[in-house]
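Protein sequences appear in the order of chains R and U. The first sequence begins at 1 in my numbering and counts up by one. The second sequence begins at 1 in my numbering and counts up by one.
No lab work stands behind these hints, which were simulated from the structure alone. Heads up, some of the hints might be wrong.
What the hints assert, rightly or not - The list that follows gives simulated cross-link-like pairs (lysine to aspartate or glutamate, EDC-like), each with its CA atoms no further than 16 Å apart:
no., chain 1, residue 1, chain 2, residue 2
1, U, K26, U, D63
2, U, K156, R, D217
3, U, K26, U, D65
4, U, K177, U, E11
5, R, K200, U, E131
6, R, K117, R, E218
Since this is a predicted model, take the numbers as computed values, not measurements.
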Amino acid sequence: MANFITSLDKKNKLGLALIAVALIVLPFVLASAGTAWVRILNFAILYVFLALGLNIVVGFAGLLDLGYIAFYAVGAYVYALLASPHFGLHLPFWVIIPIGAAVACVAGMVLGAPTLKLRGDYLAIVTLGFGEIVRVFMNNLSNPINVTNGPKGITLIDSFKIGSFDLGKSDVFGGLIFSGPIKYYYLLLIVLLAVIVINKRLQDSRIGRAWVAIREDEVAAKAAGINTRNIKLLAFAMGASFGGIAGGMFAAIQGFVSPESFVLTESTMILAMVVLGGMGNIWGVIAGALLLSFVPELLRYTVQPVQEALFGHAIIEPEVLRMLIFGIALVLTMRFMPAGLWPEARHRREMEAKREGKK
Amino acid sequence: MSATINEVLMEARGVGKRFGGVQALKDVSLTIRRNEIYGLIGPNGAGKTTFFNVLTGLYQRDDGDVLFEGNVLNLTSPHEVARVGIARTFQNIRLFGNMTAMENVMVGRHVRTHQNVIGAIFRTKAERAEEAAIRRRAEELLHYVGVADRAQDLAKNLSYGDQRRLEIARALATDPKLLALDEPAAGMNATETAGLRTLIEGVRADGLTVLLIEHDVKLVMGLCDRVAVLDYGQKIAEDVPAVVRANPKVIEAYIGTSTH
Ligand SMILES: Nc1ncnc2c1ncn2[C@@H]1O[C@H](COP(=O)(O)OP(=O)(O)O)[C@@H](O)[C@H]1O
Ligand SMILES: [Mg+2]
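Construct all of the structure, not just a fragment, from the sequences and the given hints.
Shown next, in the form of structure tokens:
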């Protein structure tokens, strides 16, 4: 990181400083439009975590995973069970989050191990099934012993606390009101930075190259000496751990978890973020995640009033329009930008080469 | 070199492989000595590529064993085969197309390096040192095979001849003792073939052993110390090129199928 900063020229440094300032003041700007927007922003960052985690599996290693939300669910439930009145446990978050990551990691390997020989469609079907199984378990593990509290979910989940400093409560510092969501935002921002650095480093490492090699040609990767079984398992494990961490944070921020949050559409949504943004490219994936989290919210807040202003009543439900626009956008992107909005540098380089060739 | 030339590096014992009704390999036994260039020839469909696939663990054999430096090879695990020192190229080039030439070779270093996820995440001193070493070695190898000027290009954008060379560089990156090349001259023009020949001779001069499948009989005869001939999955001859060339069975095998 240090040499990354020193390697930047003056112009880039200024740009970076501006982005940093913008990110710091952003929640206050949004808060003036309503705290709901800060919450939306926080959930968008959680989606970025998820998309980056899934990107390891799908983008780097090329393994199609349609059940990724299961690891988010595992992380969320681990947190909920260990920090709520449900079992009367109230462990601190810095204990639970690593536990959640570890449990999700194990779940990732449980999913990965039997599916290592599968690829493409078959892998997609098995992972889809896995995601559903986890959700069904959460839904039904209330009988005979009440573990998950079934469809009702778990409520009154603890927020993150360090001593008497509670991220879930408002505080006033220097005349500024730091609401719970704003405090969580700063935490998420720090974690996001760490997640980006980790992803980037993984990508540029021996392991990252092995993932891409497997994606490109598994047989050649084997012959070149890569233990494809272990390296694929590692991709599942790493991706799952990210999901587990995000899940724990989700549970704390939301204060409530139920199986409903972890349905198949969520998995496909995260996959869409990865694909739309540009599989394999960290920045593309981030852009995809932000886009797909924010645009629907914008629509939610604009569609209804606009229709009411125009027709006096709502003709199309915002939810319907949301899915319609989402679908059209996805089809158009795949038709005209098959590598995503912001493809991996490799793909971009290749496209530039093609364009130059045409001149 | 002459002191070790008779030492056996690899020995195949009665290797057999069937595909449904096709007996692609039948009781194939051959001995490759350290530091020789060993040719494997035979008509199309004779089983040469299948032998490579069995040897490198990509196909599971039905019979037989392979000894490498006196130890039985674990033929069910390709990366294990690479680790003990056998590297290969493919008849129909298999590069990592969307990785750069450089990255392709760097992947070849995987089996000789050790850094894990933790090292990568924290960019430990050891990890940075290893990455630098991987990069250095990959650069060396790109120079060695003569594609250094294409280092940052995507493998799939390289010319056919360069792709063949790059694949050899990737194989060499695994520090093999035995380099197995499957028709490396296929599709090359005369100049490229001459360059390839120099490259293979250089590899041998550096102490490696080469197992060469080749269709270009002239290249094989000029380059190889010894040659084995496969026909319908069976070894029908194994000797120095001059003797093999004069073998009536070999002549018949080639004439009998010389439809191309
Ligand atoms: N994967 C496979 N499945 C079925 N048959 C195969 C397969 N690979 C090779 N064969 C058959 O095995 C025989 C030997 O093929 P191969 O080893 O490719 O020959 P060569 O490399 O000498 O031209 C051929 O009859 C071929 O059709
Ligand atoms: Mg062949």
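Take a quick look at whether K26 (chain U) and D63 (chain U) sit within 16 Å of each other, Cα to Cα. holds (9 Å)
Holds or violated: K156 (chain U) with D217 (chain R), Cα cutoff 16 Å? Since the Cα atoms of K156 (chain U) and D217 (chain R) sit roughly 12 Å apart, the hinted pair holds (cutoff 16 Å).
Next pair to validate is K177 (chain U) with E11 (chain U); report whether the Cα-Cα distance is within 16 Å. holds (14 Å)
Are the Cα positions of K200 (chain R) and E131 (chain U) separated by 16 Å at most? holds (15 Å)
Under the criterion that the straight-line Cα-Cα distance not exceed 16 Å, is the pair K26 (chain U), D65 (chain U) satisfied? holds (12 Å)
Pair hint outcome, K117 (chain R) versus E218 (chain R) [Cα-Cα no greater than 16 Å]: holds (11 Å)
Checked against the numbered hints given earlier, this structure breaks none of them.
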